[in-house]
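The sequence shown begins at 1 in full-length UniProt numbering and counts up by one.
Quick caveat, the hints were computed from the structure, so don't treat them as lab data. It is possible that part of the hints are untrue.
Simulated pairs of lysine-lysine, DSS-like, Cα-Cα distance not exceeding 27 angstroms [as the list claims (entries may be wrong)]: (1) LYS125 to LYS108; (2) LYS20 to LYS118; (3) LYS119 to LYS164; (4) LYS13 to LYS83; (5) LYS148 to LYS5; (6) LYS20 to LYS58; (7) LYS108 to LYS148; (8) LYS125 to LYS83; (9) LYS101 to LYS111; (10) LYS181 to LYS164; (11) LYS118 to LYS152; (12) LYS196 to LYS118; (13) LYS108 to LYS9; (14) LYS58 to LYS145.
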Amino acid sequence: MGDWKNRLKEFYKTRAEFIKAHLNENIDFTDVFDPYLEEKNDNPIMIIGEAPGENEVKQKQPFVGKAGENLNYLISISGFDRKRDFLITNAFPFRTFQDKKNRTPKAKELKIGAELLKKEIEIVKPKIILLLGNSAIKAFSYLVKDVKNLQKCGYYNIDSEIGKLKIGVCYHPSPLAFNRKEIRESLEKFFKNLSKAV
1 MGDWKNRLKE FYKTRAEFIK AHLNENIDFT DVFDPYLEEK NDNPIMIIGE APGENEVKQK
61 QPFVGKAGEN LNYLISISGF DRKRDFLITN AFPFRTFQDK KNRTPKAKEL KIGAELLKKE
121 IEIVKPKIIL LLGNSAIKAF SYLVKDVKNL QKCGYYNIDS EIGKLKIGVC YHPSPLAFNR
181 KEIRESLEKF FKNLSKAV
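Take these sequences, add in the hints, and give me the full structure.
Shown next as structure tokens:
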């Protein structure tokens with residue numbers, strides 16, 4: 001296993017305590033992370049989603065359930081392999097909830113999440129980062145302010161405090177979004193063009 005994988009595992013163990021020092025309200029601190037870490041190629045493509053939901057907490061891995069099915073389909077048309085080529089993570093690493101239901105992470109949570117994302121990116125050194133959905137874009141905007149102004153479903157080279165990065169910005173493959181024809185087609189085109197962007 002590459003040294004970065006060991007460092008990433010150790011880093012994941014620190015996230016809950018880091019967040020608890022700042023926030024502790026309506027957050028489920030069950031660890032959720034990509035279960036295929038040992039199989040990853042070096043410098044994988046990093047996908048950043050929103051936050052784990054109830055299904056993700058039960059299975060302790062990101063992007064399961066219907067959004068996960070949609071993502072698997074998109075990955076299948078990209079020509080890449082989910083287990084080997086992608087590291088899947090979230091804008092906020094833990095489930096946020098209200099009245100037992102999933103809720104979108106708040107701005108203050110995404111700001112804290114951005115600090116963790118920065119460390120995660122520095123460890124992983126992804127060849128490209130895919131921001132899927134508004135929460136991922138908002139969290140990343142704390143690292144790169146102008147990312148909010150980028151057109152959705154495009155690929156960009158940017159300068160950041162982490163260094164030069166390649167990023168892709170598109171919609172989240174949630175069932176609500178994916179059932180809209182124009183969003184589904186935009187996501188399909190985005191993933192089909194991924195090999196050219198890497």
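Structure-based check of each hint:
1. LYS125 to LYS108: Holds: LYS125 and LYS108 sit about 26 angstroms apart, inside 27 angstroms.
2. LYS20 to LYS118: It holds: about 18 angstroms lies between the C-alpha atoms, which stays within 27 angstroms.
3. LYS119 to LYS164: holds (15 angstroms)
4. LYS13 to LYS83: Satisfied, since the Cα-Cα distance of roughly 21 angstroms is no more than 27 angstroms.
5. LYS148 to LYS5: Not OK: LYS148 and LYS5 at ~30 angstroms, beyond 27 angstroms, violated.
6. LYS20 to LYS58: holds (21 angstroms)
7. LYS108 to LYS148: With Cα atoms ~17 angstroms apart, LYS108 and LYS148 stay inside 27 angstroms; holds.
8. LYS125 to LYS83: The given pair, whose Cα atoms are some 17 angstroms apart, holds under the 27 angstroms limit.
9. LYS101 to LYS111: Holds. LYS101 to LYS111 sits at ~22 angstroms (cutoff 27 angstroms).
10. LYS181 to LYS164: violated (34 angstroms)
11. LYS118 to LYS152: holds (22 angstroms)
12. LYS196 to LYS118: holds (25 angstroms)
13. LYS108 to LYS9: Between LYS108 and LYS9 the Cα gap is close to 25 angstroms, so the pair holds against 27 angstroms.
14. LYS58 to LYS145: violated (34 angstroms)
In terms of the numbered hints stated before, the structure departs from hints 5, 10 and 14, listed from lowest to highest.
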